[in-house]
Structures are given as C-alpha cells and as structure tokens.
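Q: Given these sequences and hints, build the entire structure.
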Amino acid sequence: MTRLDPTALSLRTVRGVERLNGPVLTLRHVPGVALGDEVTIRDEGGATRHGQVLEIGEEAIAVEVYEGTSSLSLDGTDLELGSEAFRLGVSAEMLGRAMNGRGEPVDGGPPVVPLRLRRVDGEALNPASRANPNDFIETGISAIDLLASLVRGQKLPVFTGAGLPASELAARIATGVRLRGGEPFATIFAALGITHREADFFTDAFEASGMLDRVALFLNLADDPAMERLLTPRCALTLGEHLAFDLGMEVLVIITDITAYGDALRELGTAREEVPGRRGYPGYLYTDLATLFERAGRIRDQPGSLTIMPVVTMPDDDITHPIPDLTGYITEGQIVLSRELHGAGIFPPIDALPCLSRVMNAGIGEGRTRPEHRAVADQLYALYARGRELRNLMAVIGEAALSAAETRVLRFADAFERRFVHQGAERRSLDQTFDLAWELLGAIPRDELIRIPTEVLDRCWRPAEEPKR
Amino acid sequence: VDLGDVAAGEILRVGSLRLLGEVLSVDGDIATVQVYEETAGLRVGDPVEATGRPMLAQLGPGLLGNTYDGLQRPLGALAAGGAARLRPGLTAPALDPERRWRFEPSLADGATAGPGDVLGTAAEGPLEHRVLVPPDAETGTLQGLRAGEFTVSEPIGSLVGADGRRHDLALAHGWPIRRPRPVARRLPVDEPLLTGQRVIDMLFPVARGGTAVIPGGFGTGKTVVEQAIARWSDAQVVVYVGCGERGNEMAELLAAFPELEDPRTGRPLLERTVLIANTSNMPVAAREASVQLGVTIAEYFRDQGYDVALLADSTSRWAEALREISGRLQELPGEEGYPAYLGSRLAAFYERAGRAVAVAAGGGPERVGSLTIVGAVSPPGGDFSEPVTQASLRLAGTFWALDPELAHARHFPAISWTRSYSLYVGHLRRAMARLAGPDWEALRAEAVALLGREQQLLEIVQLVGPDALPDDDRIALEQARIMRETFLRQHAFDPVDASRPPDVQLALLRAVLAAREGLRAALDDGATLESAMASPALVELQRAGSLAGDDVVERLDELAARLRRGDGAAPEPPEVAA
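Chains A and B supply the protein sequences, listed in that same order.
The opening position of the first sequence corresponds to residue 217 in the numbering used here, with each subsequent residue numbered one higher.
The opening position of the second sequence corresponds to residue 658 in the numbering used here, with each subsequent residue numbered one higher.
No lab work stands behind these hints, which were simulated from the structure alone.
Just so you know, not all the hints are guaranteed correct.
Coverage of chain A stretches by chain B, computed from C-beta distances (three or more under 8 angstroms per stretch; other residues unrestricted) [said to hold, decoys possible]:
id, stretch
1, 497-506
2, 564-575
Partial list, derived from the structure: chain A residues whose beta carbon lies under 8 angstroms from chain B [what the hints assert, rightly or not]:
id, residue
3, I272
4, A276
5, I546
6, V612
Here a beta-carbon is modelled for each residue, glycine too, at the ideal position from N, C-alpha and C.
A: Dropping the structure here:
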C-alpha cells in the first residue's frame, strides 16, 4: 500500500474539466484527492471561484462550485486542489464585522486575524456530554416568555409567511435576549438569500439598539452565489461554537432564511441527478438540516451556550411543506406567525396555539421564573383554544346562542390577542408579562380555572373589576 | 471496493482513521461497504481491513445504566475521557474491560449445560443479572465453572462438547444485531404493560410482549409519551432508543433518570434503563444500526426472564436511514422513495416483540420473559397515509394516534380517542379485572361510547347550537367534557398525576361516569344545567386528577356516590336510579 505524502500535494493545479452542469463540475480522476477537499477554480480571465470535492469515482471527480459553473469553459479552467476541507479562521474580533457567506470581511475594514482555523461542518456533540438546557432566557416578548419560553442552548425556529414581520421579530429577539438580569448575548446573524432591503433593516436594527459591536454578520444575499448558502450557516455556527465553547460566551445565532438554504440543497441534488424525495428535495434534507440545528447546545461543566433561532418562510403558509415540517421535527419547538393577527394589526403576530417550546419545562418554575409558570401557561392555552373554538361556533349560530360562561371565554380570547400578544414596540420584563396574564385571568371565575392549583389561585388570582358602563 | 473473501454483513475498518463499515453486498469481487461514520477525508486507495465478523452487540453485565451510540460505543465513558465531540474513528469497548463483577455459579461443575442455560448470576445493581450460555453454543459438560471476581471477558469456566471441543465461557457474549435471538416457545399475551397513563391503561392498553405505534406530527408529544412510558411503565428493563432525534432531549433524559426513582424498587430509574442515543446529526448508517442494537439488548434481558420494554423514537428516522442507504446503492425506489423492502424490514423488527419461554437446553426452571415494542412514527406533514405509518399499522397491536388539535389546546397526552385502538382489550380482560377492578371492561365500553356520542353531538351543535339539544344530550356533552379534562388529560410534570396505579385510574373513571345520574336528577328537579354543574361535588371532580394519598380509591368512590346522588345541586337528594 503506497501512502501519498499529503504535504507534497498541499496545492496542485490541474486542467481538464470534462463536464459542467449547474453547480457541479466534473474532472478526470486525480489521485490523492479526499472527499470534502477545498477547490479553487480559476477561469480564463483569472477570476476565482470556490468549491469542494463532492464525489470521487474511479474515473472522475465531482466538484461543487459555490458560484455555479456558468461561463466557465472546459479547457480554459484551472483548478487548484487543496489538501483539506475549507477552514474558517475564527476569532472574537469578528463581532462587530460584516462578512460574506464564506467568512471574508466585506465591510471595508482590516482583515480578521484568526485565533483558530476550524472546519465548518462541525463534529457532533456527544449526547452524554451535553448539559440539560434549563436556563430561562428572557426575550421581552410576552407570548414567548410565558407560553413558549426560550432556554440556553435551545434551537427554536420562527415559522413565518411571505410578507409577515418575521425579520422585525427576529431583530427584536436578537437585541432583547438576556439571562434574567444579565448581559445581552453575542449575536451571529447569517443571512441566506435575503434581499438588500432586509439586510439593511437588520443592520439598522442592531445599530439602533447600540449593540452592533456584539453582532457578527454573515451575508449571502439574494444575488450572491446560491451554492454558497450551504456554507454560510456553517461558517456562522462555527464562529458561534468558538465564541460559546472556547470563550464561554452566551451566543444566539439567527439564520434567515432556511427555505433559501433548502432550495440551494435541492438545486445541488438535482445537478447530481439524485433520486428526489418530497417536492423534489433530497431524501437527506432531514439529516442535513439536523447537522445545522443540532449544533445548538451547552456542554456539561463548561460556560457558554449556543442558541439557534432559524427563520423559516413557509411557502404559501403551508406548515406541512418539507422545510418547515422537517425543521419542526428537528428543533425544540416553534414560534408561528399568523397572517390573520398581522392583518388585525397585532405585533408580534404570534399564533399562540401551534407555538411550542419543548425544553421549557426544565427552564421555568420555582427558582427560575415563577412557581406557577407552567400552570398559568396551560390555563392561558386552554382558555384561548376554547375561545377560538367558540369564535368559529359563534360565526355559525350567532353570539346570542352562547351562554354567559362561553361569552366570557370569547371575550378573554379577544383580550388575549389584543393585549397580551400585542405589545408593539414595548419590551416587557417577565414580571410585567405575569402581571398582565393575571389581569386577564381575573375576568374568569376562579372555579373555571381548573388548570391552576388552588393555592396558586389563593395567592395570585384577583377578580377583575366590573367594567364601568 | 475490491476485496478477496468477505461476507455480507461483515465489519470492516476503512481508511487511515479506521472508520467502522459494514459490507452491504458482495458481487463477484466487488464488495459494497457502508461506512458508519462521516466519509469526508477518505481517498481512493485508502486501506481497508476486514475483521471477519458481523456487527455484534456485546451483552453482559454493565449494560444497565449505560448510554450508547448506534454502534454501541459507550458515550458516557467517551465523555468522561474528554470526547465532548464525536470525531470519526473514535472507539471504546462497549462493556468496561477493567471492571470486575462478582459471579456466583448456580450450576455445579461437571453438570450438563447448553444454549440459553443460566450459569449463575453477576452482582449488578438491583436486577439479578443472569449469565447465560450463548444461544449459539453447543450442549456439553461444564468444566472449571467457579465463583469469583471476573471482568466481562475473562473465562469463568468452559463447556466441553461431546466431540471434545472446548468453548470458553465468559460473563459477556456477542450476538449479531440483525439476527433475532431464539426462544423455546412463544406464549399468548394476556398481561398488560401498565404505564400509569389513564388514556393508555384504561382505554387503549398494550400487552406485555405486544407492540404499539405512536404516529404524530411534530409537536404532538410523541417523545413525551415515549418518555412517560420509559419512566412509569412496570417493565423490569427499559431500552430507550433515541434514533435520529434531538440531542438536548437525550441530555434531559440523562439528567432526569439518575434522579427519578423507580416506584417499584425505589432505586434510580437509570439502573433499569439502557439508553441508545444516535441523534439526528450523527451518521445515518449508525442510526440504522441503533434500532437493531436496541432490540438485541432487549432480547438479551428477555432471555434472562424479565419483562422488557423497547422504546424506539423514532422509527421514521430509521426508515429514512434505510431510504438514504438504498438511494446510495441506487436501488429501485418504491413508494415515496423508500426501498421496496421497507415493509418486511419493519415487520422483522416488530415481530421481535413477544412473550416467550426462554431457551434452556439443559433444562432448569422455566424462564418467561417478554419484550414489548413501542415505536414512535414521525409522518411527514402529519399525514398518516405515508408508507412508514401504514406499514407500522399493519404490524402493531395498539395504535395511539396523536392529534395536533389536542396538542394545540395543551391536552396531553394528545392521544386521540376517536382514532386510536387496542387489539389487546379482549386478551387483557381477566388481568385488568384483577389489577384495576372487575368493572373495567364495562366502564371502558361506556367511556368509549360516551366519547363517540360526544363526537356526533358536537357536529350537531356546530349546526344548531347547544340549546336545541335535549337534556340527556347536553348532559352527555358536559360529562364528556369532564372526562376529557379530568380523566383523559394527564399532567406529565405534576408529581402526583404523572403516573397513576390502575385501581386509582378506574376509580376516577367510575366517578366521572357517575356524574350523569346526579345531573339527570338535578335537571329533573328543575335545575338548569349551569347551576347543576356548579355543585361542589362536580367542582371537586374536576380537580380529582391530582388527589393524593393512600386512600384515593376510597375517596374517589365516596365522591362517585355523592355525584350519583347529585349532592348540592338538587334541593332534595333524589332516589338513586338503578
């Protein structure tokens, strides 16, 4: 068995592209190439593109080109084959900077001096080394803090539809998150296929909150190479892991929009002539998304945490579309925005019923938030769900046919949306959120609040004053 | 890969990192190998090394309380050794090679022993670990079997066959994960696996040795149901396979299980549990192996004569792993891209469940063990018509359908009472009469009928409003609502309500059903339904789920009697109708 000396081929230039097909380029076999190796492509004019080795056959090698292969020629293209996979130089200096989808500064500032070089695909956390996520994070949004609480190390996506203010909500969360009474987080923002307008919105929002120096931006905008979208979230997460686990910081990574990522993956899959799965997305979409989202977490006995908030646009508001569907199966809950509430002028237009945070139970209650947190959340959910049912019923049979108790629940549902979910530009502390919740519950007789233990009702429940007529 | 003589199923080491791989098929001198780990960095021409054996599960003392990945690498030991991240090529023995276990033989030296016989016991936690002759050994005479402190691989004696061949015996043995362990004979399933969950135990029970599937879209609480069963079921050993699921959830289990107490033994739950964690970001091929590994470990404890529950979350991720591997092999895809053999693979898996007499070639006391399989299914888009759900439904005896509407209203467990079923109800009649109460079957039928009636009535209400219904129907609606709120809903995080013994469950059901007579009587006396519903007994009933204490059954029965009388609602207690 002959082993090739890797140093001898740290960089080799070859010519001889055999086939160009969308983002995939095929060249004849070169010995010693490994899967995942980085490739630099130089066209006739000397301009460079980037790629990585996707597949090695006995006769040919397939290379994925992030910028696509259009206008490359078969015989005028040189390839530089690196001896290893793409690595991102990471350092805390990247906070306050804007980079492209490959982690190169684009803000006109000086180059970043990396502290470490890291492969961007990450290694799976040993499940036995993970710390149980159980620290409440206050976002300042009532519907999230009380009903679907975020905890350190969680991955909680925002499901939105075209035209809904998901960016506004994501920016509010990014600037508003803190541990109770603590510092704001370091935020890493990965933009995939979003417009310049949206990117400017985020930059302005961070600037306005005065925390731009705690934000690192990775921008792959709508007109940037589509295949680079596969790399961008990995760069963002690699920096996130460095800050969280090497430097012990509290890190929030916002990735918007996962739908653009899925579409890039589908484009690559099609070019590779793979058997497509649902709606043309590759069968490994679940696994691929999981390798992004599962990078969230905490490590036992170590400071720092990595929390991920992906934004997913549901095509045609369809939550069963493969991308939101698989995202929901991987992430620990979801925040869902509603077109109806948005239309009614409610901000944030969070539809509480399908929202969920799977890991919140360990992060709330006695000593963390409030002892009655779970019971109050359950009671609000139950009443709101019942109120929505009654709203439908009322549309058919008219309000007069409802009993007094039912009318109360109906009124509660209206107040819940208009006063509790809606909060406009205000940031509410957890205490303010709870006060508001108890105020709303005061309109319901205590015997009907069966999800709340009696001793909690004794302590917290006060009947609402009769509205003055 | 060109290799001389490898067998399908054989394990190989690939590349300079010596990644684990398995031979999928051999065609002439070309073997197709699936590598269990990330293949980035592999080069054409890298060395491949054959091990000459298939993928084996290591079975012996030390399994309980451990956490493995799909290839049986001990994650806890790796974490303690500083491997917070799983790099390709990591290895560690599944069972601690240093640790010594106290072994007491139960067979005399010179006795005849054969496959499946109990050689003796190893001192491991609360459970008596019975050391077995491997099922593939030959019958022979025991030589040098002795008590002492042994590691899992040291010989504890040997078995000499009729032809004079010697087979060394150790505390542990290996078994191919894809081959079901044999049993002497299968037994009918007529005992319930009690889970402490009312909607399951009372309405849709699963038998020991039976199978159950839980399909549900995301957020409907599959994992919560699986974990509730892992925590509260009365199995002696629980094998929990987290297959392609979330790492943080496994961390939650790992944090909770050492703290939680097994209500029957008073020991930490972890001591009866084997966790297999192959999270969604870990390699897909190992995900496929994780389910097979789990069921093999479960069978090993069944063969010792224990009641074992295998919880697989989620079988869909396992099926997707099959699909991904099949796609890479460029096999012709079947429905939705799944390979055509999906149904038969699922059948082979679920059929490893059962209640059986263990193999014991040399005689000895009969050991009866059971293996119950509960598989979660994650249908894309929550659509139950997809292939994995459908194939699983054909195989499972109990079907717990999770309903997103219930989950959104925070009604947990979100098991739909209209779509779920259990084929074991008839088989379990006698056992449930003994464990819960003689009226279980009658009350269960009444409850199912009431919930069915509610469904029909709600459709009518949607059209004409509740006022148009006759009193009996309005009572039925209220009663069904109480049944849903008080009986079917159960709070997984409430220390009392999280798990309930069967007699308490049935007493609560009795009380809920008793409410009808009192309401009927109150309405006959001219009370309105609203005022009748406000009676103290009914208000008490709605909070009865969290009643605690040793006398709960008596208190619930007393409450049922008051409800039947219609206490507090009617001006005078009417005669109790028969």
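Q: Are three or more residues of the stretch 497-506 of chain A within 8 angstroms, CB to CB, of chain B?
A: With 5 residues close enough to chain B, the hint holds.
Q: Tell me if chain B covers the stretch 564-575 of chain A under the three-residue, 8 angstroms CB rule, please?
A: With 5 residues closer than 8 angstroms to chain B, the stretch 564-575 of chain A meets the three-residue bar; holds.
Q: Hint I546/A vs chain B: min CB-CB distance below 8 angstroms?
A: holds (6 angstroms)
Q: Under 8 angstroms, Cβ to Cβ, is where V612/A needs to be relative to chain B, so tell me if that hint holds or is violated.
A: holds (6 angstroms)
Q: At a threshold of 8 angstroms, is the proposed contact between A276/A and chain B supported by beta-carbon distances?
A: violated (11 angstroms)
Q: Given I272/A as an interface hint, is the shortest Cβ-Cβ distance to chain B below 8 angstroms?
A: holds (6 angstroms)
Of the numbered hints stated above, the single one contradicted by the structure is hint 4.
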